[in-house]
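Number of protein chains: 2
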Amino acid sequence: MNFLEERIVKDGVVKEGNVLKVDSFLNHQMDIKLLDQMGAEFKRRFADKPINKILTIEASGIGIACVAAQHFNVPVVFAKKSQSINLDGDMYVAEVESFTHKCINHVIVAQKFLTPADHVLIIDDFLANGCALQGLIQIVQSSGATVEGIGIAIEKGFQSGGRIIRNLGFQLESLAIVDGMNAETGEIWFRDQSKMKKETGETSEGAETVGRSSTLD
Amino acid sequence: MNFLEERIVKDGVVKEGNVLKVDSFLNHQMDIKLLDQMGAEFKRRFADKPINKILTIEASGIGIACVAAQHFNVPVVFAKKSQSINLDGDMYVAEVESFTHKCINHVIVAQKFLTPADHVLIIDDFLANGCALQGLIQIVQSSGATVEGIGIAIEKGFQSGGRIIRNLGFQLESLAIVDGMNAETGEIWFRDQSKMKKETGETSEGAETVGRSSTLD
Chain A
1 MNFLEERIVK DGVVKEGNVL KVDSFLNHQM DIKLLDQMGA EFKRRFADKP INKILTIEAS
61 GIGIACVAAQ HFNVPVVFAK KSQSINLDGD MYVAEVESFT HKCINHVIVA QKFLTPADHV
121 LIIDDFLANG CALQGLIQIV QSSGATVEGI GIAIEKGFQS GGRIIRNLGF QLESLAIVDG
181 MNAETGEIWF RDQSKMKKET GETSEGAETV GRSSTLD
Chain B
1 MNFLEERIVK DGVVKEGNVL KVDSFLNHQM DIKLLDQMGA EFKRRFADKP INKILTIEAS
61 GIGIACVAAQ HFNVPVVFAK KSQSINLDGD MYVAEVESFT HKCINHVIVA QKFLTPADHV
121 LIIDDFLANG CALQGLIQIV QSSGATVEGI GIAIEKGFQS GGRIIRNLGF QLESLAIVDG
181 MNAETGEIWF RDQSKMKKET GETSEGAETV GRSSTLD
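Chains as they are written, first to last, in my numbering: chain A, 1 to 217; chain B, 1 to 217.
These aren't lab readings, by the way, just hints derived from the structure by calculation.
If you anchor each label on the Cβ, the simulated ranges turn out as follows: (1) A/Asp90 to B/Lys102: 20 to 28 Å; (2) B/Ala183 to A/Glu6: 48 to 56 Å; (3) A/Lys33 to B/Gln138: 26 to 34 Å; (4) B/Ala183 to A/Ile104: 31 to 39 Å; (5) B/Val13 to A/Ser82: 16 to 24 Å; (6) A/Asp90 to B/Trp189: 27 to 35 Å; (7) B/Ala183 to A/Lys21: 43 to 51 Å; (8) A/Ser194 to B/Gln111: 36 to 44 Å.
Glycine residues also receive a C-beta, built at the ideal position from the N, C-alpha and C atoms.
With these hints in hand, go ahead and build the complete structure from the sequences.
Encoded structure:
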């Protein structure tokens, strides 16, 4: 297990409906030393990419992105989420379905902060169905900028987001991939990322049979 | 002028209705080196306080708080904003009026992340009427924790928030206090903070006559 997987086992809480609560260290209270370790690991995994900007989405991606940005020495742009659109200047807008809140959100970035000269690393805390992430990718591509990679803290490997994004050819690096959880025993199964090269684009049948509810979005 | 005032003059944009846009470096795109300078300055101003936790509010406070937290070596908790309350576990909730969006928001922090043992520095990007900040103070006090201080990036000195908070006896440190702006000329007037001791609790009549609209929630 890596440092994040160890922390998830130690302080994460598995709830019914495949909910993994990590609010004591990642997305309500934030352990800044852990975020710094995550930033260093993202830098290691994307060391060969000419990244000049990090893009994330409010709210819980912002802390991770800002601490990671210190390792890349680049600015952060965070996309705003809004149910309504109040266009003030020129904005890139993507529609994103929220399964948690059962509504359509708009993901918005001011056009002046993404240009064809930008090489973007997208960072977020969770990846499950991938709707929010697909919205961010769409926005980067609309701007003519390049998606150099995607860094995620925790991927729910039993949902389809990661597979779809990898199948599209993006370098998606998730620091922990949860392939299954048991709310009764509190057990969490992580994907062995040393095998990721051959597993890319696939998840096991066992993982696929696990349900689809999520804390993402 | 200090480093933040200089940056506001260089890259801030004054709009009609006393709106100051700082989205190119502070609250949409974030200059992480600037945030680091701000964190160092907050640490200098609160050096004598036994701070063990930073509290902020989503979304644009999070980046500033996380980078500042590295200077204090403490975790960050961010309060969530919600129009509806979905109580999952025990939460501290404060009602906060949003002048911008003309609605009541709830500011929410899980009770387990604030205890009587906590000595809290509250950090946010903007202070105008102070409603959001009053909600955060109320939450800290509900928990039995101590508010050791409040660190703000930009205070609108012509609105009442700062005066009220200082009159309540809190150590409120705003890195830049804007006492007036002119949307036609783009001019911005900053308060001379070297005179703050005698000005505490007062703003000039001139500043008070400037309008009250704001981008702050």
